[in-house]
Every structure is written in C-alpha cells, then in structure tokens.
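Colleague: The sequence shown begins at 14 in my numbering and counts up by one.
In case anyone wonders, no lab produced these hints; they're calculated from the structure. Hints are not guaranteed to be accurate.
To be verified - DSS-like cross-link-like pairs, simulated, lysine-lysine; straight-line CA separation at most 27 Å:
1) K226 to K200
2) K22 to K210
3) K210 to K226
4) K226 to K216
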Amino acid sequence: MSNSSLEHKTFLLLLVAVSVAFGWVLLPFSGAVFWAAVLAILFAPLQRRLYRRFHSRSNLSALLTLTVCVLLAVVPMMIVTGLVVQEGASLYKRIESGELDIGAFLGQMKDMLPLTIRQMLDRLGLNDLGSLRDKMSSGALQGSQFLATKAFNFGQDTFQFVVGFFVMLYLLFFFIRDGGELSGQIKRAIPLSEAQKRRLFSKFTRVVRATVKGNIVVAAAQGALGGLIFMVLGIPSALLWGVLMAFLSLLPAIGAGLVWAPVAVYFLLSGALWKGMVLALFGICVIGLVDNILRPILVGKDTRMPDYLVLISTLGGLSLFGLNGFVIGPLIAALFVSCWGLFTDGKSDRIITS
C-alpha cells in the first residue's frame, strides 16, 4: 500500500469519526437543528426576494424572513399546543371523576343499533363489549393523563424548552442567511456528477416544501374545519378533537374521518338527525375535499408519492423519530425513490451508450 493511499484512507477514517462525534454532540438539540433546516428551506424563496429587494443586504433580509417565519409558523403552533394541553388536562379530570364514562357511551351506542345488527353482532361473537370498553377507557385516560402531566410539568420543563427554542431560532437565522453557501459546500462534497447533484438537491428541496405545505398545511386546514364544525354543533373539547383530526389527516386513506364519522353515526343513532346529517355532509363535502383541492396546489403532481408509500413512511417515521417523523418519514421515502431513480437512469444511459 502506497503512502498516499494510506494517508487518504486515514483521512477518510478521521473524517467519519469526527463527523459521528459532531453528530453525537448535536444529538440533544437534534429537533432544533432539524426544524431550523426545514423552516429555512421552506422560507428560502421569501429570503431571496427580500435579498433582492434590499439590495443584497443579507443580514436584514434574513432577519425579516426570520420574523415572518416566527409570526406565521412558530407562534401559532405554541398557542395551539398550550390550548390543547389545557383541554387535555380538563378531559383527564372529567374521565377520572366519572363525568365522562366511555364504557356507558359504548353500551348506549350498542343499544341504539337496530335489532338485526345486534343479532348479527351476537352471531359473530361481538356482543361482549367489556374488553373493548376497558381498552378505550384506559386509552382515553392515559392520553388525557399524558396531556395533564405535560401541563403540570410545564414549569419544570420551561428552561429546556426555552433553550431548545432559542437554539432553533439562532440556527434558523444563519440557515436562512447562509443556506446557499452551506448547500454549495455539501454539493461539492458529494461524489456525483453535477447533473445528478442538481437533481438530488432539487428533489430534496421540493420534497421538504411539499411535505410541510402539502401535509402539515392541509392537515391543519382539515383539523381547523373539523374543530369548527364540532364547536358549532356544541361538541365538548372541540379544539382537542380538531388537533386530533389534523394529526390523523397526515395519514392518507385514514384521515380525519376516524374522528368525525363515529360522532356523526352517534348523532344519527341517538335521534339528533340534523346534527348527524350536518356533520356527515360537512365531513364528506368539505373536510374530505380539502385534500383534493389544496394538495395539488401546494404540492404539485411531480412531487407526489403513492398514498401507500406516504402512509407506511409516515407511520415508520412517527415510530422512529416521534412527531418529527411526520416530516422525516416521507422525506426519506422520497429521497429513496429519487436515489433509485438516479441509479436506474444512469444504468439505462450506460446500456444505451454501450
């Protein structure tokens, strides 16, 4: 082995070791780094317009972009999170005190069913709802208890939250200001052709924006509409159910219908026909169509993935990365498809030219 080859391999080993160590150092603030990068990519077009408007004053354009980002994205999220935690704590108290009895609700639902359906349930062995009742009661109690605990421990976690929040804002400013230079350095380090790097980075940027705008914005719209109709119909904890619908809307083929559909059925079976019909029609014609109307506008057909791929990558990302997985999962899936597309295209080109 020549000295130059040994030096090269030693340097690569050192480079990998230092990179892993640096990632380990950043691990406590991985969420702050991740969302700073996502928001910087999302608001990069605004920064470029402001940069041209203010005659290449990078600090001013980055500061104005950061201000807009905080007002449009960060502040509303903090407000909604605080309100949801409060409603979750209230729901926990109602369940714990027995004011809200899910077991009685399920029994009432079964009694409302027509006789033929109840007989069918008996023949299928589904007449005993005790186990399901216990599981649903336990799940609702645990979920609301989690929110109540978060509300109780908010003061204890304030310092950690504030540090992480300001780390994100600090990084976001520099990512916005120096994003072009950072992406250029990363491109130069990747051993691919210029065409492949342009395609890969373009796909990465489009997918990040598509995931945030196409998934989070659409989910927020569906959750807001669902919470609004729940509030109009006088359903308790409308904000909490709206946020739950927003989260479920991130999962294609499942959606907010898992929340509003059972409530509509309950209204219809309990005799509140107009409430049930209004909720069902609103859910189908308004909430259900939001995805079909907004997603093509915000995302574009070229960045969309099959629903099954979005579903499995979102669930896998959520399982591995927590709430960040709603973005990380589809992003990794899209990059997986893009990289394999580059590989197969390159292989086809070699076959054609050979």
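Colleague: Next, verify each hint and record whether it holds.
Modeller: Hints, verified against the model:
1. K226 to K200: Between K226 and K200 the Cα gap is close to 25 Å, so the pair holds against 27 Å.
2. K22 to K210: holds, 24 Å
3. K210 to K226: Distance ~24 Å between K210 and K226 Cα, so the pair holds.
4. K226 to K216: holds, 15 Å
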